[in-house]
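Put chain G on the given structure of chain B with help from the hints.
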Amino acid sequence: MKILVCISNVPDTTTKVKFIEDFKKLDVSGIQWVINPWDELSLTRALELKDDSSTGIKSVTVAHVGPASSEPTIRKALAIGADDAIRVNAEPSDAYYVAVQLAEVVKAEKFDIILCGIESSDHNGSAVGGMLSELLDCPSVSAVSGLKIENGLVVINREIDGGRETVQVPVPVVAIVQKGIAKEPRIAAMRGIMMARTKPVKVIEPVTVSAFTEVVKYELPKPRAACHFVDAENPKQLIALLQNEAKLI
Amino acid sequence: MSVLVYTENWDGKFKKLSFELVSYASKVAEMLNTTATALSIGNVDTAELAKLGNYGVNKIINATGEGLDVLDNQTYTRVIADFATKEQASVVILSNNNTGKALAPRLSVKLKAGIGAGVNVLPVSLKPFIVYKRSYSGNAFAHLQINTDVKIITLAQNSFELIEKNSGAAMENSSVQVDKSGIRTQVKDLQKQTGKILLTDADIVVSGGRGMKSPDNWGPLVELADLLGAATACSRPVSDEGWRGHEEHTGQTGKIIAPNLYIALGISGATQHLAGISSSKYIVAINTDKDAPIFEAAQYGIVGDAQKILPKLVEAVKEIKGR
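Note that the protein sequences, when read in sequence, are chains B and G.
Under numbering that gives the first Met the number 0, the first residue of the first sequence carries the number 0, and numbering increases by one thereafter.
Under numbering that gives the first Met the number 0, the first residue of the second sequence carries the number 0, and numbering increases by one thereafter.
If you are wondering where the hints come from, they were derived from the structure by calculation, not from laboratory data.
As the structure is a computational prediction, the values presented were derived from the model and not from experiment.
No residue lacks a Cβ here, since even glycine has one placed at the ideal position from N, Cα and C.
Hints should not be assumed to be uniformly reliable.
Stated by the list, open to error - Only some residues are given here: those of chain G computed to face chain B with a beta carbon under 8 Å:
| no. | residue |
| --- | --- |
| 1 | 145 |
| 2 | 189 |
| 3 | 192 |
Stated by the list, open to error - Keeping only pairs whose Cα atoms sit at most 27 Å apart, straight-line, the calculated DSS-like set for lysine-lysine is:
| no. | chain 1 | residue 1 | chain 2 | residue 2 |
| --- | --- | --- | --- | --- |
| 4 | B | 106 | G | 111 |
| 5 | B | 235 | G | 280 |
| 6 | G | 164 | G | 109 |
The following block holds chain B by itself, in its conformation from the complex (with noise of 0.2 Å):
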């Protein structure tokens, strides 16, 4: 069996942003780009599965779409272990733009496993897994919290809400991820980013398709009014504010 790891080029989580353009674009200079951290644990979890030889697991590939200037990332998941990678060569506009490419990988390659972050850090759609599944026609898994691979069949953990449930599903599936698949990110070692310098990565052009979406502006929160301290010394002075002036409780 072959996984896909579908991987999102993000900035680093601690990014405070900045909007350039009338807050139209993104401001990128200094920004640090990192694998989107759903995807990295997806990508920990199928190397995992790998490693494991009764799994069956033959490769574990990455598919990104984006442009040149995301290959640092790309050679990052080749670093922490991936076999191989296939970087769609585009801006990827939007969560249908992106899925409908990740698709046309999927087809040529015919892989079994499909991992995707359940969101990117930055534009938080929840969109491009299930789409994908549509778009492939198969069956989709989402809130993934834990897989294996049993008989050949893929027995996932899914989260809902009150509970978690345990299900079972024939490949091609695609699993849509959160946190809990894997414990940590799994980190490249030095051998890893020597190898990673080597190992394949096909560039593909992309297949022509309208976005269904697109961000106008962004706005930065609001800050909020300062805070109202209360002495350390009578904390019963904060409970009867939570009860007098904002009455919640």
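This is chain G only, laid out in the frame that chain B set:
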């Protein structure tokens, strides 16, 4: 033209989020000068279904059929898409919860409809259709223009006020034929949290961070939560250390919540934590470091040791609750 809202049920019951969805859908329908229809799938009794009619919808569809007891995303997508087409829906609304996140993107492809995900206010413009949504994990907001004929919105939980309005909703029973060979998700096991207020449903959340120092110190925090009818939560280091379960982890990679009141005890407020709680209406912080970023997000704060202050808070709440 109409607005269709999918109202999920939990063991045949709706909850506050269902009524938030219906209130929101009715308002969107009003903006568009059209009607709103609620779609329920699975077994829900008539009295429960009628509750949806208290929040302004014009029609309630009660879709039942064999094979709908498992959330198979492909099957559910087909069912919702069929009703969306039949009702000529121009806007389809779902929750931004686990189910909504699983179904909305599939529906998007099926209906050729762009998604505005995690929206918490009414559309800011109809022509063009623009929604206001969370972006960069709460560090920004985006005005997202949806250019397709049909639009999908997923509504963030706890973000829209209930609007009571009885529009004399008509009830329509519909029996759905499901092609069972198309159901590829098989449920092997189900574990449910019982008797606990769900973090994502809660109006009040009491949360602990590394400043709580040890998993043994959680007693008073849980007691405070119980007294307030609150859910308990924690920061990432706490769940990573295994002091509390992962389901309590609140923050960028954990749960994103929007309670009325979030009480942060011994949490410094790293960007990733704030990403999960910044939509809370009120934040209260107790931390030893007066320069901790959590105080920039908080309306009320105490600079001090959460462990020492907690018992006094418990006492004060007991007093006002008369216990």
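**Prompt:** Hint numbers the structure violates, sorted upward?
**Reply:** Hint 6 alone not satisfied by this model.
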